[in-house]
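Full structure from sequences and hints, please.
In case you want the letters, here they are:
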Amino acid sequence: MTILRHYLELRFAGQKFLMPNGPDIVVEPRENMQVERAGRAAAMRNVQDVSWFAYALGPDWAPVPESGWTRAVFLTVGPGRPVGLLVDDLKLLPADSLRIEAFTPLGPAPVPGRHLFVAAAMSLSAVTLVLAAGAVASYLRALESDHGLGE
Amino acid sequence: MALASDRIHALLLPVCDRYLLVPSALVAEIGIAEALTPVPLSPPWVLGVMNWRSRPVPVCDLGRFWGPPATIGPKSRAVVFYPLPGRSEREFFAILTNAEPQSRTIETPSVLLTDEDAVHPYLAVSLDIDGKRAGIPDLAGLTELFYDPAAAPPAR
Chain A
1 MTILRHYLEL RFAGQKFLMP NGPDIVVEPR ENMQVERAGR AAAMRNVQDV
51 SWFAYALGPD WAPVPESGWT RAVFLTVGPG RPVGLLVDDL KLLPADSLRI
101 EAFTPLGPAP VPGRHLFVAA AMSLSAVTLV LAAGAVASYL RALESDHGLG
151 E
Chain B
152 MALASDRIHA LLLPVCDRYL LVPSALVAEI GIAEALTPVP LSPPWVLGVM
202 NWRSRPVPVC DLGRFWGPPA TIGPKSRAVV FYPLPGRSER EFFAILTNAE
252 PQSRTIETPS VLLTDEDAVH PYLAVSLDID GKRAGIPDLA GLTELFYDPA
302 AAPPAR
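Protein chains in written order, with this note's numbering: chain A, 1 to 151; chain B, 152 to 307.
Worth flagging that the hints you see were computed from the coordinates, not collected in a lab.
Each residue gets a CB set at the ideal place from its N, CA and C atoms; glycine is no exception.
Keep in mind that a hint or two might mislead.
Chain B regions said to be covered by chain A (calculated; three or more residues, Cβ under 8 Å) [unchecked claim]:
1. 160-166
2. 188-197
3. 239-250
4. 293-299
Below, the structure is given as structure tokens:
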């Protein structure tokens, strides 16, 4: 069993989320990225002649052409090539500093069979949603296929 | 037509232009609706998630199904419900109300069934309670509305 030691705190579109850190996450600074729009992607990284697309998202999680992003968080989980989420800021938080509670979002799942949020970190009064990396990767890959780039 | 039931302790929740009548036993607490964290890609009737006793509790605007979207004001309340039948014991949820709910002991002669909105998808029945337009939520319908059967349940 893998012991979760850290969460990534991701900030974008004025919102803050957490994601369990693990070997299926690759973080790239902006300077390592090609800032070039490709369909709905705002940037990309070429790895061994394969384009890894990365998306800037607005508050409603719709892709936006540009934001104040500083890093790309690539998710390698699941089938298909890695896909990235562009974030304004990123921090590594020790898991034992957080109180994490399971959470079931209401309504239909945004990607078939999977909710994007599976838990929440509870502080004195605030709630920070915890992202499910696999579901987020599926959501971003669906954005890719929406503009015909496919897998 | 009289409702065939005995006395029940209930709450009248002011939601949109009517009331929801719910047994008090379904309600865990009545809280202030504040500091909601948005849940992106949720349906518009999900207002966000609140911190209730260190639990993440989603707050919904059921009034949206029969009226305009709610606005959260100083009188608004978040009525926290115990989990629906068949759901995990930690799946509390909250319904936004316009104001503080009213406590009532409902007795048979005081309640009349009406035909209005009898087919509303999230009201099992519509009632007239002392001249107030009310409805009893359809818990099975709410369960279908709230929980995507295809989505894997989170780890317990």
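Status of the hints after comparison with the structure:
Only residues whose C-beta sits within less than 8 Å of a C-beta in chain A count toward coverage, and the stretch 160-166 of chain B has 0 of them, not enough to reach three; the restraint is violated. With a threshold of 8 Å between beta carbons, the proposed coverage of the stretch 188-197 of chain B by chain A holds, since 9 of its residues qualify and at least three are required. Counting residues of the stretch 239-250 of chain B whose CB lies closer than 8 Å to any CB of chain A gives 4, which reaches the minimum of 3, so the coverage claim holds. Closer than 8 Å: that is the beta-carbon criterion, and the stretch 293-299 of chain B has 4 residues meeting it against chain A, so the requirement of 3 holds.
Hint check: a violation occurs at hint 1 only; the rest are consistent with the structure.
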